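Trainee: One letter stands for each residue in the lines below.
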Amino acid sequence: MEVLGHFNYWVVVVLMMIGFYALIARGNLIKKIVGLNIFQASVFLLFITLGKVTGGSAPIIAEGITVYSNPLPHVLILTAIVVGVATTALGLALVVRIHESYSTIEENEIADMDREP
Amino acid sequence: MIAQFPALQVVIPLLGAPLCIILRRGALPWLIALLVSWAALAMAATLLSQVADGEIISYALGGWLAPLGIEYRIDTLNAFMLLLVAGTSSAVLPFAYKSVAKEIPQDRHYLFYSGFLLMLTGLLGMAITGDAFNVFVFIEISSLSSYAMIAMGRDRRALSAAFTYLVMGTVGATFFLIGVGLIYAVTGTLNMADLAERLPPLYQSRTVLAAFAFISVGILLKLALFPLHLWLPNAYTYAPSVVTAFLAATATKVAIYLLLRFGYTVFGAEFVFNIVPASEVLLTLALAGVIIASFVAIFQSDVKRLLAYSSVAQIGYIILGISYANVTGLTASIVHIFNHAVTKGALFLVMGCVAYAAGACRLESFAGLGKRMPLTMAAFVIAGLSLIGVPLTAGFISKWYLVLGAMEKGWWPVAAVILATSLLAAVYVWRVVEIAYFRDAPADAPPLSDPPLALLVPTWVLTGACVYFGIETSLSLGFAEQAAIQLMGGG
Amino acid sequence: MKHHLIPRVIAKLTIPGILLFALYVQFHGDYGPGGGFQAGVIFGAGFILYGLVFGLENLRKVAPPQIVTAFIAVGVLLYGGVGVVSQILGANYLDYDVLSAVDHDGQHLGILLVELGVGITVAAVMMTIFMTFAGRLR
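Residue numbers (our numbering), protein chains in the order written: chain A, 33 to 149; chain B, 94 to 584; chain C, 960 to 1097.
To be clear, the hints were calculated from the coordinates, so they are not data collected in a lab. Keep in mind it's a predicted model, so treat the numbers as computed, not measured. Note that CB positions come from ideal geometry on N, CA and C, so glycine has one too. Do not rely on the hints blindly, as some may be mistaken.
What the hints assert, rightly or not - Covered stretches of chain C, going by a simulated chain B footprint (3 or more residues, C-beta under 8 Å):
| hint | segment |
| --- | --- |
| 1 | 997-1007 |
| 2 | 1035-1048 |
| 3 | 1052-1060 |
Unchecked claim - Derived pair list, reagent style SDA-like, types lysine to any residue, alpha-carbon separation capped at 20 Å:
| hint | chain 1 | residue 1 | chain 2 | residue 2 |
| --- | --- | --- | --- | --- |
| 4 | B | K195 | B | L549 |
| 5 | B | K464 | B | L549 |
| 6 | A | K84 | B | A278 |
| 7 | C | K1020 | C | I974 |
| 8 | C | K971 | C | F986 |
| 9 | B | K195 | B | L546 |
| 10 | B | K195 | B | R247 |
| 11 | B | K195 | B | D248 |
| 12 | A | K84 | B | V279 |
| 13 | A | K84 | B | T282 |
| 14 | A | K84 | A | V35 |
| 15 | A | K63 | C | F1092 |
| 16 | B | K191 | B | L468 |
| 17 | A | K63 | B | M261 |
| 18 | C | K971 | C | P992 |
| 19 | B | K195 | B | L541 |
| 20 | B | K464 | B | L541 |
| 21 | A | K63 | A | L47 |
| 22 | A | K84 | B | L323 |
| 23 | A | K63 | A | M48 |
| 24 | A | K84 | C | P992 |
With the rest of the complex left out, here is chain A (with noise of 0.2 Å):
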């Protein structure tokens, strides 16, 4: 029961991995994009998993309801969601013109044409 009711947390941890592993492996620009977004929502995960109280309902007031859950993270984490919409934007921006002058979006072959000038 132990290991099964850190379930979250197994969650993220296996995401965090997911798109971390994408990150570093993939030589694709947009490949390693999809990366940072796993990696960045598996630590929303993570945050809005510490925002629960057992039993707790969501955080709008109403009325016989006592236990609410804790709603701080759930703002850090609209901001932080909004801050990695942009960071997509802008890296999708840069592999759209890094596309537009190297007619390509592999790292490997990026990384031979900047060495020859």
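Place chains B and C on chain A using the hints.
Mentor: Same frame as chain A, now just chains B and C:
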């Protein structure tokens, strides 16, 4: 009015950025950026004079008091960093007018200045806030805008450099975010001062250890400590000249400030140096960085890249001072943050002048520049001497304190390494000087002369500062010492 | 998508609903779940759907890029302006209490305006991102 300065310090640059987008005609965006930056400098100077006697200013955003609300907290170190950031941008922006006009297409100027102000907002925010999550937000504001600014470089390699920086920078910031989440999980607070009170009983907790590891690796990525510096050389080499000068002088320096703030204030020196072997780790990495990056710098054929590797080495010196874990070492680090910012700012502005006149910063294109651009190259020589650490320049002061700190610890080999690597710095500066002064320009070279005054004056202001802060040290050294004592005293 | 009748009809039917829902999320944000970020994204999504179905040219006629870019700045200025107004009225930055003398009214007014600023900026940014990427393809 002055009571509102902590908020205005960040808000004015933040509101200047959209103004640049609305008033995009002609030179207006540049003018807005310049005025905003000078206003920020005036406010930073006022704040520094207010905390000069050791007082701490606390400002509650939205009227929500700490630890619930976001607090802006200014002690000597904060105010010192604010002055450094605002001062550099104020010196660099007058330079930007002509340099940007030459390097960036006219229809993107308003975006450039808007991005520049956002970068300034982020860096000022990182230096002023007393809230751990707020730090993350400001890191991302400054990083996202700096990725975009680097991508504005003329060379297509600027794009791949910006992409690499984006990936590594985002990983660093996300690591930082994980760490903040973990300390929030064990303490339930995000306010730095509050964290400092709640963490000591939890020093043996594995969560706190993991949080410290994530936060420090995240910050070390952003400050480009060897071997996490891989994004830096290309980013500095291919970014527009103004951006390189501003980033080299401030971005990594503010990240070092964060390391100090989290190391000393949030986690506490006791935890960092006695429970975690931070001193040994930082010492090893710093020495490796100083030696290897200095050697690599010697073999570069692009002067901008040479200076970028030299930056990695200089960051090594700063971290070296932190690893001493004594007041002298810490003073040396903080004063070197300042002195190196001034020196590198001046050197990269010289690169901007050369790029403006000659179009490139390749080593061979420096041939004969000593005669053809005498004022520009004279600035290079003086700032170069400061980079080496020759007496009567700013660089000497910080290296002197670094050696003093090493001797206080009895670390003679470290002092020897500092002296030896200063010789390496002399070698790479000399390579440029030799080509500029003792090699004649090729016969078919186009005629060159010093760039217009709009470029020379800012360059010489920073070059003059290299000498000024080598002689009159009460501003740099005085405040650095006070900040070091405040940090060490658990403040 | 000129010859695809079904998407065009569906889009025409749903876009008003999407925009209306965005406004609900926007202005109900201080009482229930919602707020500027979500509303801005929904509002932007309405326009993006229009762009996907009826083409970029038509979207540019409905939402000229110059004006959309200006709205990015307007939203940020509205957000920051509320803070500066509260400073002029003698309180700290973004302290809404001084905006109205009546109990809590200031807080309502303040958060409404700030979230409106956020919503405008987010919607404009979403549309700009879409138009920029779509415009690059040709």
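Trainee: All hints are to be evaluated individually against the structure, with a verdict given for each.
Mentor: To see whether the hints hold, each was checked on the structure:
1. 997-1007: violated (count 0)
2. 1035-1048: That given contact holds, which follows from 7 residues of the segment 1035-1048 of chain C lying within Cβ reach (below 8 Å) of chain B.
3. 1052-1060: holds (count 5)
4. B/K195 x B/L549: 15 Å, holds
5. B/K464 x B/L549: 16 Å, holds
6. A/K84 x B/A278: 11 Å, holds
7. C/K1020 x C/I974: 16 Å, holds
8. C/K971 x C/F986: 24 Å, violated
9. B/K195 x B/L546: 15 Å, holds
10. B/K195 x B/R247: 10 Å, holds
11. B/K195 x B/D248: 14 Å, holds
12. A/K84 x B/V279: Measuring from Cα to Cα gives roughly 14 Å; hence the hint holds.
13. A/K84 x B/T282: 16 Å, holds
14. A/K84 x A/V35: 18 Å, holds
15. A/K63 x C/F1092: 18 Å, holds
16. B/K191 x B/L468: 17 Å, holds
17. A/K63 x B/M261: Status holds; Cα separation ~15 Å.
18. C/K971 x C/P992: 27 Å, violated
19. B/K195 x B/L541: Distance ~16 Å between B/K195 and B/L541 Cα, so the pair holds.
20. B/K464 x B/L541: 10 Å, holds
21. A/K63 x A/L47: Holds, at about 15 Å.
22. A/K84 x B/L323: At roughly 39 Å apart (the allowed maximum being 20 Å), B/L323 and A/K84 break the hint.
23. A/K63 x A/M48: This hinted pair holds, its Cα atoms lying about 15 Å apart.
24. A/K84 x C/P992: Holds. A/K84 to C/P992 sits at ~17 Å (cutoff 20 Å).
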